[in-house]
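Protein chains in written order, with our numbering: chain A, 2 to 109; chain B, 24 to 508.
Rather than coming from a laboratory, the hints here were simulated on the basis of the structure.
Even for Gly, the Cβ is constructed at its ideal location relative to N, Cα and C.
Just to be clear, a hint being listed does not mean it is correct.
[As the list claims (entries may be wrong)] A few chain B residues facing chain A, derived, Cβ under 10 Å:
{"hint": "1", "residue": "Y119"}
{"hint": "2", "residue": "N122"}
{"hint": "3", "residue": "T209"}
{"hint": "4", "residue": "I212"}
{"hint": "5", "residue": "N214"}
{"hint": "6", "residue": "S217"}
{"hint": "7", "residue": "Y474"}
{"hint": "8", "residue": "S492"}
{"hint": "9", "residue": "Q498"}
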Amino acid sequence: MTPQHELMECYEKIAPLTGRMLESARAGDWDGLVQLGLQFRSWVERLKGIELAEPLEPLQLVRKHSLLSRILADDAKIRDILTPELAQLSSLLGNMHRQQHLNHAYGQ
Amino acid sequence: MTLVTNLGAASGLPLATLLSSITVSENQPLTAMSNQQSAYNAKLSAYGTIQNALSTLQAAAAQLGNPALFQNVTATAGTASVLSATATTAAGIGNYAINVSQLAQAQSLATAGLASTTAAVGSGTVTLQFGSISGGTLDPASGKYSGATFTADSTRAAASITIDSSNNTMAGIRDAINKNKALGVTASIVNDGSNTPNRLVLTSTQTGATSTMKISVSGDAALSNLLSNDPAGTQNLQQTVEGKNAQMTVNGIAVTSASNTVKEAVQGVTMTLTGTGASSLSLQSNTATVQAAISNFVTTYNSLQTLTKQYTAFNTAAQTQAPLTGDATLRNIQTRIRDTMNTPQPASGSGASLTMLAQIGVTFQADGTMAIDSTKLTGALTTNLSGVQNLFSSTSGTTGFGSTMSTLLTGFTASNGPLKSATDGLNSSLKTLATQMTSTQSLISTTIARYTKQFTDLDTLIAGMNQTSSYLTQQFAALNDTSSK
């Protein structure tokens, strides 16, 4: 397999991964999202390691553009869901800790 | 763990709702349990205070339930120079005419004079026997008897001292006598100013006619000549004070006493004679102690009322309860105390019968406290003490407000009483509550741990995505540059 093929293979794998990540995020399946996120990272690491001897074919370039557009769009949407969720989680955890401290102090 | 707190706020998300419901459903019961715990502890403390107040009231009631309280008698002598007197509860009420014709006195004997108190006299054994002298005559000048008979007091054994080289002087004999308490005499040396001035004076430690000394000496003639003294025979000592009994009459009846402390000549009374002459002796009921006991009971009862009111109050303005508001145990105790106090006591005795506290001026006020009409109480104590005694006490201990209240209150504070079972119940509830709180607490801890892990995982995911995203964005930008060229 040529580096060009390998590169395109990576993008072909990554695009559906980010799509599934978005589905998991929308469904609130956080454990699934975290697992998919690990696969996503390892594919991108692999992508970074590929050296191209020859440039991509024009058709490949068009396909790459299309795949990258989908990937980046999904990435942004996942982020849009995760960021406020994390903020909520953080604030509620903080509340629970405070409440627990109060109960420790006054309850028992 | 570091929590990210600057990510901005959003709401209405599923995770937020989930966590919210956890906070509400799990922390609220914990807060409620904690409040319940505080309420139980406040109740326990209130029961403890009530228990103390009931014990104090029980002691006050028990005092009133003791018939002896009403038999306290005060003895008063009309002439203080003749006698003083004290009475026990055994004393009856009454007035007595006392006439003291003679005070009891202790016999005193003096030896002939010696020139020196430190020169040796002689050795031997000196034996002393107490007894009484009868018949014969006493020459007041020489202080000696003639033709008299000495009868030893069989209840008092003779006692001896040994005089030898260690103590054979007048001073030595004096010290030997004083050292031996069993002899029953004290010795001193009196200087009469003559050529042979030193005279040893022996005085009986007890007064009375039967405490007359007979002194026998076996040993040197010099010692015998100094000390031997037989009222029925040779008397070497001079009697300076005759042993006498006290002579008196009580309501005309002759009374003789070896001592000036005359016990039971009047039942329950001890008279101390201090001079001759006539005096009255008045024995009156000590109503002051009864009045003080009643007053103490009322004060203690009112303290309990104040406490009860404080512990059962409901603040309508603040809508707050006191620890024992609506408490059935305390209400039941209060009701039974009140019922007991309002139950008439059986009438008895010859005087006007007293069956209710109001008849002696002790009444319940509108606010639940008790008050004393002291004029009415004093009147009842003065004119009908036996009636008041019957109202509070009985020899059987089953009737009288003091006795019945004491029994009732003892039951309340007993180890199987209502307060004990109420506090046992509370302690058991507190134990259960503590167990529940511990398990709820651990449930919350588990939940927090679970969501903390989730947060950390998502946080790590975001950090990773930041890296991948920046790389992919570069690739995308490069692609656009290429295609635009």
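Hint check:
1. Annotation: interface hint on B:Y119 violated; nearest CB of chain A at approximately 74 Å, more than 10 Å.
2. Checking B:N122 against chain A: minimum C-beta separation of about 82 Å lies over 10 Å; hint violated.
3. Hint status for B:T209 relative to chain A: violated, with the closest Cβ pair at about 77 Å, above 10 Å.
4. Checking B:I212 against chain A by beta carbon gives a least distance of about 85 Å; that is not within 10 Å, so the hint is violated.
5. Proximity of B:N214 to chain A is violated relative to the hint, the smallest CB-CB distance being about 89 Å (cut-off 10 Å).
6. Restraint check, B:S217 versus chain A: the minimum CB separation of about 98 Å is more than 10 Å; hint violated.
7. Interface restraint check for B:Y474: the shortest CB-CB distance to chain A comes to about 6 Å, inside 10 Å, so the restraint holds.
8. Annotation: B:S492 was flagged as interfacial toward chain A, and the flag holds, the nearest CB pair being 5 Å apart, inside 10 Å.
9. Look at B:Q498: its Cβ gets to within about 6 Å of chain A, closer than 10 Å, so that hint holds up.
Hint check: violations occur at hints 1, 2, 3, 4, 5 and 6; the rest are consistent with the structure.
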